[in-house]
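Residue numbers (our numbering), protein chains in the order written: chain S, 1 to 71; chain X, 72 to 142; chain U, 143 to 213; chain V, 214 to 284; chain P, 285 to 355; chain F, 356 to 426.
Keep in mind that the hints were calculated from the coordinates and are not lab data. As the structure is a computational prediction, the values presented were derived from the model and not from experiment. Don't take every hint at face value.
Okay, derived cross-link-like pairs now, DSSO-like style, lysine-lysine, Cα gap no bigger than 30 Å in a straight line [stated by the list, open to error]:
(1) 70/S to 379/F
(2) 107/X to 212/U
(3) 420/F to 278/V
(4) 354/P to 178/U
(5) 420/F to 283/V
(6) 249/V to 237/V
(7) 308/P to 36/S
(8) 95/X to 107/X
(9) 36/S to 24/S
(10) 249/V to 70/S
(11) 391/F to 379/F
(12) 249/V to 320/P
(13) 136/X to 36/S
(14) 36/S to 320/P
(15) 354/P to 136/X
(16) 249/V to 349/P
(17) 36/S to 95/X
(18) 320/P to 420/F
(19) 320/P to 308/P
What follows is a set of in silico ranges between Cβ atoms, one per label pair, in the way DEER data are often shown [said to hold, decoys possible]:
(20) 18/S to 110/X: 39 to 45 Å
(21) 86/X to 18/S: 30 to 36 Å
(22) 81/X to 68/S: 32 to 38 Å
(23) 16/S to 251/V: 34 to 40 Å
(24) 108/X to 368/F: 32 to 38 Å
(25) 241/V to 86/X: 38 to 44 Å
(26) 370/F to 49/S: 22 to 28 Å
(27) 351/P to 110/X: 37 to 43 Å
Ideal Cβ positions, reconstructed from N, Cα and C, are used throughout, including at glycine.
6 protein chains.
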Amino acid sequence: MPYVNVKITREGGTTREQKAQVIKGVSELLRDVLGKPLGDTFVVINEVELEDWGVGGLPVQEYRKQVADKT
Amino acid sequence: MPYVNVKITREGGTTREQKAQVIKGVSELLRDVLGKPLGDTFVVINEVELEDWGVGGLPVQEYRKQVADKT
Amino acid sequence: MPYVNVKITREGGTTREQKAQVIKGVSELLRDVLGKPLGDTFVVINEVELEDWGVGGLPVQEYRKQVADKT
Amino acid sequence: MPYVNVKITREGGTTREQKAQVIKGVSELLRDVLGKPLGDTFVVINEVELEDWGVGGLPVQEYRKQVADKT
Amino acid sequence: MPYVNVKITREGGTTREQKAQVIKGVSELLRDVLGKPLGDTFVVINEVELEDWGVGGLPVQEYRKQVADKT
Amino acid sequence: MPYVNVKITREGGTTREQKAQVIKGVSELLRDVLGKPLGDTFVVINEVELEDWGVGGLPVQEYRKQVADKT
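Given only the sequences and the hints, what does the whole structure look like? Please build it.
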């Protein structure tokens, strides 16, 4: 009875096909590694706005700029 | 001090009244079964797009089609 | 395809029977209010240690003491 | 490796600057109290519609009205 | 910046190696499908006691018995 | 009505006092930045076993070794 929640930043270009591949890939992984039947796995994907995701103490866009400036 | 998160697929027709009933029902259940005061319970409802919910290794719409085709 | 997560403070006396009642009650509520088939609902209960739950800026035990002292 | 999820009601006026302050404040708190490096902390903010947040068995707007009426 | 939470029922036999495979598999999937750098992905696994997981309105053990009895 | 979930790796030395400081700090931050009353904020802390937390495609202990080996 697995439940998987995948949170990613919303970058604008994530397609239905990519989401379907994530759902398929995660469900098959749990079947192959842990023996969980495909039908028992729920996958929920959340796309999170860039301003709502922080890393390194900064909103992710500013964090990326900071990393880019350093390199 | 309960916190309850209810995730459902967004099917288009969920009304404010239904959400209010879910909030009321869950809060009363925790009061009646566990003795939690109504005022101590938070309920958060998330409606999830169909393409973001997977079951059986498929996005939920395709899963439903597959189940319907079998029967 | 609902997924419900119920977080409660671990008070020591929550029994299997109470948990089963919570699972049953939540699942039936979503069936009755939203038309979700019983078999489609996952419920996950988490009991959280008192020191890990905060309210009013305090761990819940200190918060309760503070409220009791006021009354 | 901390992950922090902040859920707040969507009141209409939360700005990017305020979100950036929340991200900064939480990340610095975990660094100062627990020694977690800033770069290791993810913060995800979710704004939740008022009709999707319940407290005291009621959607939050009705709960606030009820509290206001009492006082 | 993905964050993935994998909740599974605690069945007693999940090893460190299996968990490492889940972590690796999920992270590689998000890299391959969505282009997320491996280093940007957090995976958190939670094992949930059987009495704390409900499906079909029943704790999972009773649900399994019911399904087994039917077949 | 904020709800904050703080997930950290269980490193063995997190004390009640540190947790109380995290609860206090987060609740005061949301009061100061967003105007949320202290009494309206729930904070739930989860300590996650090292083998259950992955980063960079590896369990966190192996990830740390790999980083240490590189430097």
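Each hint, compared with the structure:
1. A distance of roughly 35 Å separates the Cα atoms of residue 70/S and residue 379/F; the hinted pair therefore is violated under the 30 Å criterion.
2. Between the alpha carbons of residue 107/X and residue 212/U the distance comes to roughly 20 Å, so the proposed pair stays at or under 30 Å and holds.
3. The straight-line distance between the Cα atoms of residue 420/F and residue 278/V is roughly 55 Å, outside the 30 Å bound, and the hint therefore fails.
4. A distance of roughly 22 Å separates the Cα atoms of residue 354/P and residue 178/U; the hinted pair therefore holds under the 30 Å criterion.
5. A threshold of 30 Å between alpha carbons decides the hint, and for residue 420/F with residue 283/V the separation of about 59 Å lies outside it, so the pair is violated.
6. Our distance criterion of 30 Å between C-alpha atoms is met by residue 249/V and residue 237/V, whose separation comes to about 13 Å.
7. Between residue 308/P and residue 36/S, the direct Cα distance comes to roughly 17 Å. Compliance with the 30 Å bound is thereby established for this hinted pair.
8. Proximity of residue 95/X to residue 107/X is assessed by CA-CA distance (about 13 Å); at most 30 Å being required, the pair is judged to hold.
9. The straight-line distance between the Cα atoms of residue 36/S and residue 24/S is roughly 13 Å, inside the 30 Å bound, and the hint therefore holds.
10. A distance of roughly 22 Å separates the Cα atoms of residue 249/V and residue 70/S; the hinted pair therefore holds under the 30 Å criterion.
11. For the suggested pair residue 391/F and residue 379/F, the alpha carbons sit about 13 Å apart, so the restraint of at most 30 Å is met.
12. Proposed proximity of residue 249/V and residue 320/P is supported: the alpha carbons are some 23 Å apart, at most 30 Å.
13. For the hint pairing residue 136/X with residue 36/S, the CA-to-CA distance comes to about 22 Å; that is within 30 Å, so the pair holds.
14. Pair hint residue 36/S plus residue 320/P holds up; C-alpha atoms about 26 Å apart against a cutoff of 30 Å.
15. Our distance criterion of 30 Å between C-alpha atoms is met by residue 354/P and residue 136/X, whose separation comes to about 25 Å.
16. A C-alpha spacing of about 45 Å is found between residue 249/V and residue 349/P, which places the hinted pair above 30 Å, so the restraint is violated.
17. Using a Cα cut-off of 30 Å, the hinted pair residue 36/S and residue 95/X is violated, with the two alpha carbons roughly 34 Å apart.
18. A hinted pair counts as satisfied when its Cα atoms are at most 30 Å apart, and residue 320/P with residue 420/F qualifies at roughly 22 Å.
19. For the given pair, residue 320/P sits about 13 Å from residue 308/P by alpha-carbon distance, which is consistent with the 30 Å threshold.
20. Range check, residue 18/S to residue 110/X: Cβ separation about 43 Å, and the 39 to 45 Å hint holds.
21. Between residue 86/X and residue 18/S the beta carbons are some 32 Å apart, a value that agrees with the proposed interval 30 to 36 Å.
22. Residue 81/X and residue 68/S have their C-beta atoms about 36 Å apart, which keeps the hinted 32 to 38 Å range intact.
23. The hint said 34 to 40 Å for the Cβ distance between residue 16/S and residue 251/V, and at roughly 36 Å that hint holds.
24. About 35 Å separates the C-beta atoms of residue 108/X and residue 368/F, a value consistent with the hinted range of 32 to 38 Å.
25. Distance hint check: the CB atoms of residue 241/V and residue 86/X are about 42 Å apart, consistent with the given range 38 to 44 Å.
26. The hinted range of 22 to 28 Å is not satisfied by residue 370/F and residue 49/S, whose Cβ atoms lie roughly 35 Å apart.
27. In this structure the hint that residue 351/P and residue 110/X lie 37 to 43 Å apart at CB holds, the actual value being about 39 Å.
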